[in-house]
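Engineer: Please construct the entire structure, taking both the sequences and the accompanying hints into account.
Chains as they are written, first to last, in the numbering used here: chain P, 7 to 72; chain B, -16 to 370.
None of these hints come from the bench; they were simulated from the model.
There could be a bad hint or two in this list.
Said to hold, decoys possible - EDC-like mimics (lysine to aspartate or glutamate), calculated; alpha carbons at most 16 Å apart, straight line:
hint	chain 1	residue 1	chain 2	residue 2
1	P	Lys69	P	Glu23
2	B	Lys369	P	Glu49
3	B	Lys370	P	Glu23
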Amino acid sequence: MGRLYDVVQTIERLIAEKKLDPFKTKGMISIQTGFALGLVRPETPDDPVQLAALKAAAEQVLKQKV
Amino acid sequence: MSIKTKFVLVIAVCMLLLGLGMALLVQQGSDRTLEITARQIVSAAAASLDQMQKADVQKLDAAIAAVEAHPALAQAFVARDRDRLYALAKPIFDELRQRDITVWHFHDPEPAKTNFLRMHKPSFHGDVMDRPTMNKAIATKGLGAGMELGQTTFALRAVRPWVIDGKLAGYVEMSEEIGNYLGRMKAQTGDDYGLLIEKQFLDAKSYASLRQGQRNDWDDHPAVVAVGATGDASLAGFDGQLSEVPVEGQILGSVERGGRIFLRGIVPVVDSGGRKAGGLVLVHDITAVRASVASARNRAIALSVLAAVVLAVVVVLLFQQLAVRRVERMLSTLEDYSARLAGGDYGAAAAMPPPGNDEIGKFERFFADFLKLMGQMLRELEARSKK
Chain P
7 MGRLYDVVQT IERLIAEKKL DPFKTKGMIS IQTGFALGLV RPETPDDPVQ
57 LAALKAAAEQ VLKQKV
Chain B
-16 MSIKTKFVLV IAVCMLLLGL GMALLVQQGS DRTLEITARQ IVSAAAASLD
34 QMQKADVQKL DAAIAAVEAH PALAQAFVAR DRDRLYALAK PIFDELRQRD
84 ITVWHFHDPE PAKTNFLRMH KPSFHGDVMD RPTMNKAIAT KGLGAGMELG
134 QTTFALRAVR PWVIDGKLAG YVEMSEEIGN YLGRMKAQTG DDYGLLIEKQ
184 FLDAKSYASL RQGQRNDWDD HPAVVAVGAT GDASLAGFDG QLSEVPVEGQ
234 ILGSVERGGR IFLRGIVPVV DSGGRKAGGL VLVHDITAVR ASVASARNRA
284 IALSVLAAVV LAVVVVLLFQ QLAVRRVERM LSTLEDYSAR LAGGDYGAAA
334 AMPPPGNDEI GKFERFFADF LKLMGQMLRE LEARSKK
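Structural biologist: Written as structure tokens, this is what we have:
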């Protein structure tokens, strides 16, 4: 548990480093994954399908391996 | 395929059809112009032939009147002194021949109606004159005139009663062959003409015997023989039925010769018995007219095509400016603010640009309200999930 939350945190860090619009960037990733990143908590159960979708969407939007 | 591409294709097809339609209309218009011009040319030839006949009938009638006023001729005719009549009339006849009046007859009155003297063949007389012009002069006690067919060509005849001292002494007839009509009409109009006669009114053997060494062209055409032409005789033929040619004339089509285009038409020659016994073929050079009409047509078609292309470009540009760009702006705005909402900016709807005052603006207004509601719902959901 908590891996999904960790990936979200990584994404937020990368957004900050790249100085991207946080709402729009997270929103585009959320639309592609099918769930809102803002609702992911540390206790949110890990789902391998969601995890894979999140990583793929993040790499496509951020154009960087996550 | 994008909506814009589909629209451009539809516009292109519509403008192509419009251009083709306009080109077709222009072509039909120029064809109609040529047809009207052709009809006018043929009608003018018919009118010219009619006027020429009327003028020459007046000429013949005036000559008859002058002769009937000659006292010595009257005396000789009443006395039935053929030799004296011939001697007195011969110098007058020589003068008349200078004016193309080549036939001058004196006839006995009815019931005999026999020929008394032929000025051009004094030894031949006594035959019965049973022609429509003679019969009309008898019936009307006045002028009987019209076209009549001889053995090889038409003659314009005029016959008048000769009343001497209150008593009908007989009839005077004068006529001219209409072969010279062709030359006179050509001099007036510049066109070439040909004269045709219906074979059914001629005798093939007589025709052949009177060809005077010329080729016997009896079989050149199925129903007619050509008895004269001012230009290329091959253009003056007719293979149809003269009886079916209307009085006002008929267009026979166009033919190309030596790089020039000629319109052919035919006008029936109606004899004094009302029969369409012959035809006058006219050949009119329409090269310049055709070129002018073609030039105008081509200009009109080019302008039509250009107008269609310009209209298509204007329509596409207007569509691009008024619709496509507007939709693209809307899509971009909705995408941006939807993404922001999904990214956690639950108040994104408040920052959306004001909607436009058009159909798309109505949807923008609705979507802004929808995003506002979604934002509130997500905000509350997040708050509950944190508890």
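Engineer: Of the hints stated earlier, which fail here?
Structural biologist: 3
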